[in-house]
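K.L.:
Spelled out, the chains give:
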Amino acid sequence: MRRTTLIALLALIAAAGALLWWSRTSTPPMEPPRAETPPANAPEGPSQEVTLYFAREVSSAEFVGWVLVPVQRPVAPSASPEQAVLEALAAGPTSEERQAGLVATLPNGTRVLGVQREDGVITANFSRELQENFNGGAEWEEVVLYSIVNTLVEAGNAGSVRIRIEGEPVESIGGHLAADEPLQRNDDIVFHGNQR
Amino acid sequence: MLCIILLAGGPLLAAPSPHIYIGGREVPCTPSPAVIDGQVYVPVSFHYEGLSVLVRTEDGKVVLRGMGEAEARVPFVMHQGMIYYPIVPACTGIRLGARWVEKTQKLYIAPRIDSIRPEVFDRMLTLRITAGYPVTPKVSVVSDPWRLLIEVPNAQLFTESTTIPIGQGEITRIRAAQYSYEPPMVRIVVDVEGRPQYRVLSGLETTQIRLRMGVPEAPTPEACTLLDQLLDSPDSEGAAWEVVGVQVEPVDEKSTRIVVRTTAPVDGSVHPLSSPPRLALDIPNTTLRAPQPDVPPETPLVQGVRLGQFTERISRVVVDLAEEVEYTLSKGADPGTLVLILRSALGLEPVRGIQGLKVMLDPGHGGSLHGTTGLSGRREQDINLDVALRLYKMLEQAKARPMMTRFGDDTVSLHARPAMANAKGAHIFISIHANSNGRPNSARGIETYYGHDRSYRLARTLHQQLVKELGAPDRRVRKRPGLVVTRETKMPSVLLEIGYMNHREEDRLLGLPEYRQRVAKAIFNGIVKYMGGEAALDSRNAGSPQAEESEVGAIELTVSLAGEEQH
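Going line by line, the protein sequences match chains A and B. Per this note's numbering, numbering of the first sequence is gapless, rising by one per residue and ending at 196. Per this note's numbering, numbering of the second sequence is gapless, rising by one per residue and ending at 567.
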């Protein structure tokens, strides 16, 4: 199914695409950018590596469509690490990452209003732009939704993620996928690079 | 005890003496009642007017005997040379309500409603209201919102007010309250969604009000008649036979057998019910003794089987259906068995071509649930609806039975869409969407999504037809278990993404009525193929405004029609 398709794809992409792309860019895109300046108001202390998931389009004989690509990022220590991670996700990929084909997933203007954690479930509260400015079909909704879920599950070591908009439960962000119950990590759409 | 006697000999507080009301009418009490330590005491000679209560003294206690075997024993005191006893605990012991309102110095006595017991099985509520003395309820149906109102005059509720949540089917909850004390009136309200129907099973004057109620699933005469029959089903003491076993056996890919074993040869009756689709097999004059049956995995047509004692004398087997079925009920070869055979309605009666095929069309998004916006500013929800309406007309002309989740720019929740298809027993479900992604002009073409394996053939057939007739890039048939409309539908279902609205060329095409007609036609032809039809329908029959045929590529067509663009 999808997973096998992806694995087959990896063989191709990893061999051809990834090599090409590594040779083209001085910094491997999966590496953190080196000269990131931390936000001015960040607390003192060593920054922490987190994984963000951005989107990338793939087209091959085996697979056509969008995948999520994990990207490492330093995030300054903060009172709410999950919120800091989401804000980094909302900020989108760096210009280098964009050149490598990565695309921001959160709709324009989406703000993170708060993140709470209870019994392994992270509740992420977004501004209305997440829904109002969402502009996509079934696949793009999957990409947007699981870039949030996968990023948060990994950063917060949580079981699932619940989405709220302006504090309220929402049936769906884009009208294709349900968002009214806690969502678990989806690995089927994650591109694992040449690790396998 | 001692101290009460001592105290009782002394002078009473010069308070106004209490008034006693029975059934809302003040009754005389001489000598007058007294309030001692906040409790109302009455002389042993007090007469419970209108109620059969006997009072005597025995072993230093006052003994009251009420209806049935109800008996109360309370200690008495001597007051002004007479035997007085506390009336509230005495009444409570013999199932009378007694409420003392100190402020007005009034004591209200009335038959007490001791309990309200609801039983819900498969959307039918049986309500038992027990009172200590015969009461005469008045039952009526009230609208806005719909509810059943049970007024019990001359009664006191065991508490001031209470709410019993139900939340099953159309029955929301039961509320009960002491509506007034003067006159004493208890009101019990059953909140329901939809006009309820009911039968009072108990007599006019009774100590146990029994009534059964339900809300017909659709306001059709058939549904009302069916409910009437259920409401009228006998409801008296014990059933003669027992249901001892229920077995679910897949027969082949398209049929399933359900065998019900009883202790004697009995007849059953089957009622098809909807939302969700299910069959109810009622076995009269039986008590349920069978354990919940196992439903083997991959059992065709059946989602689950539930058992319940529907009424005191009817056992009910509820079969939750995965799709529309034809059924036959017969007596098995073994005496005392009933055999219910289910067959796929689709497989049993092949729809000739697409005649009679129930197609639920789902124009994606709509109303305040906006979809994507094209580069030209057109809204996806309008494109989806337009294509769906064109397809609807074609299906109608071909004598299929098309249905729509929305006919206008209506707000329909995501979960309501598959629910509609399930409730209507649609044979296939087609959700029509237009696409967009995170990078304008990066992709164009047709994507087709499905959720369950049973939908793959439909997905592939429609997808190939769209790609072929529109000459659009093939962006694959994709299995996505998470999409709500294809996940929740119980029939073959697909979600079609008919083109990219953030691709300049495809967005322009989707803005052309003629192109949307071709999209609708391609889906229509796909349905015909899926149903085994070979030749695609002639475009004149399919309501196409022109004889343009599918071999014309998208680009050529738009060139010739560019001047007629509407939006």
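Just so you know, these hints were derived from the structure itself, not from any lab. Do not rely on the hints blindly, as some may be mistaken.
Said to hold, decoys possible - For lysine to any residue, the following SDA-like pairs were computed, each having C-alpha atoms within a straight-line distance of at most 25 Å:
1) B:393 / B:424
2) B:479 / A:180
3) B:468 / A:60
4) B:479 / A:191
5) B:331 / B:341
6) B:399 / B:464
7) B:468 / A:180
8) B:479 / A:166
9) B:138 / B:99
10) B:468 / A:59
11) B:479 / A:59
12) B:331 / B:307
13) B:399 / B:386
14) B:479 / A:56
15) B:479 / A:60
16) B:479 / A:162
17) B:254 / B:138
18) B:479 / A:185
19) B:468 / A:62
20) B:479 / A:67
21) B:468 / B:479
22) B:479 / A:94
23) B:479 / A:87
24) B:479 / A:184
25) B:479 / A:95
26) B:479 / A:181
27) B:61 / B:44
28) B:479 / A:57
29) B:138 / B:116
30) B:106 / B:89
31) B:479 / A:58
32) B:468 / A:56
33) B:529 / B:345
34) B:424 / A:114
K.L.:
Now tell me if each hint is right for this structure.
P.N.:
Outcome of the hint check:
For the suggested pair residue 393 of chain B and residue 424 of chain B, the alpha carbons sit about 19 Å apart, so the restraint of at most 25 Å is met. Simply put, residue 479 of chain B and residue 180 of chain A have alpha-carbon atoms about 21 Å apart, close enough for the 25 Å limit, and the pair holds. Of the pairs offered as hints, the one joining residue 468 of chain B and residue 60 of chain A holds, with about 21 Å between alpha carbons and a cut-off of 25 Å not exceeded. A threshold of 25 Å between alpha carbons decides the hint, and for residue 479 of chain B with residue 191 of chain A the separation of about 18 Å falls inside it, so the pair holds.
At roughly 11 Å between alpha-carbon atoms, residue 331 of chain B and residue 341 of chain B fall within 25 Å of each other, so this suggested pair holds. Only pairs whose Cα atoms come within 25 Å are accepted, and residue 399 of chain B paired with residue 464 of chain B is accepted, the gap being roughly 24 Å. Distance hint between residue 468 of chain B and residue 180 of chain A is unfulfilled; the C-alpha atoms sit about 37 Å from each other, more than 25 Å. At roughly 32 Å between alpha-carbon atoms, residue 479 of chain B and residue 166 of chain A are farther apart than 25 Å, so this suggested pair is violated.
Note on residue 138 of chain B and residue 99 of chain B: the hinted pairing holds, with a Cα-Cα distance of about 23 Å set against a maximum of 25 Å. Taking the CA atoms of residue 468 of chain B and residue 59 of chain A, the gap is about 21 Å. The hint holds against a cut of 25 Å. For the hint linking residue 479 of chain B to residue 59 of chain A, the alpha-carbon distance of about 17 Å falls within 25 Å, and the restraint holds. Of the supplied pair hints, the one linking residue 331 of chain B and residue 307 of chain B holds, its CA atoms being roughly 19 Å apart against a limit of 25 Å.
For a cut-off of 25 Å, the pair hint linking residue 399 of chain B to residue 386 of chain B stands: about 20 Å separates their Cα positions. Between the alpha carbons of residue 479 of chain B and residue 56 of chain A the distance comes to roughly 19 Å, so the proposed pair stays at or under 25 Å and holds. Distance check on the hinted pair: residue 479 of chain B and residue 60 of chain A sit about 18 Å apart at the alpha-carbon level, within 25 Å; holds. Under the criterion of a C-alpha separation no larger than 25 Å, the hint pairing residue 479 of chain B with residue 162 of chain A is consistent with the structure, at around 24 Å.
With a C-alpha separation of about 51 Å, the suggested pairing of residue 254 of chain B with residue 138 of chain B is violated against the 25 Å cut-off. Between residue 479 of chain B and residue 185 of chain A the alpha-carbon distance is near 18 Å, which keeps this suggested pair within the 25 Å criterion. Proposed proximity of residue 468 of chain B and residue 62 of chain A is supported: the alpha carbons are some 20 Å apart, at most 25 Å. With a C-alpha separation of about 15 Å, the suggested pair residue 479 of chain B and residue 67 of chain A falls inside the 25 Å cut-off, and the hint holds.
At roughly 21 Å between alpha-carbon atoms, residue 468 of chain B and residue 479 of chain B fall within 25 Å of each other, so this suggested pair holds. A C-alpha spacing of about 32 Å is found between residue 479 of chain B and residue 94 of chain A, which places the hinted pair above 25 Å, so the restraint is violated. About 32 Å separates the Cα atoms of residue 479 of chain B and residue 87 of chain A, which puts this hinted pair outside 25 Å; it is violated. Our distance criterion of 25 Å between C-alpha atoms is met by residue 479 of chain B and residue 184 of chain A, whose separation comes to about 18 Å.
Taking the CA atoms of residue 479 of chain B and residue 95 of chain A, the gap is near 33 Å; set against the 25 Å cutoff, the hint is violated. With a CA separation close to 21 Å, the supplied pair residue 479 of chain B and residue 181 of chain A stays within the 25 Å bound. A hinted pair counts as satisfied when its Cα atoms are at most 25 Å apart, and residue 61 of chain B with residue 44 of chain B qualifies at roughly 11 Å. At roughly 18 Å between alpha-carbon atoms, residue 479 of chain B and residue 57 of chain A fall within 25 Å of each other, so this suggested pair holds.
For the hint pairing residue 138 of chain B with residue 116 of chain B, the CA-to-CA distance comes to about 16 Å; that is within 25 Å, so the pair holds. With a C-alpha separation of about 16 Å, the suggested pairing of residue 106 of chain B with residue 89 of chain B holds against the 25 Å cut-off. The hinted pair formed by residue 479 of chain B and residue 58 of chain A meets the criterion: a straight-line CA distance of about 17 Å does not exceed 25 Å. A threshold of 25 Å between alpha carbons decides the hint, and for residue 468 of chain B with residue 56 of chain A the separation of about 28 Å lies outside it, so the pair is violated.
Distance check on the hinted pair: residue 529 of chain B and residue 345 of chain B sit about 19 Å apart at the alpha-carbon level, within 25 Å; holds. Taken as a hint, the residue 424 of chain B and residue 114 of chain A pair is broken in the structure, with Cα atoms around 42 Å apart against an allowance of 25 Å.
Taken one by one, the earlier hints fail for this structure at numbers 7, 8, 17, 22, 23, 25, 32 and 34, listed in ascending order.
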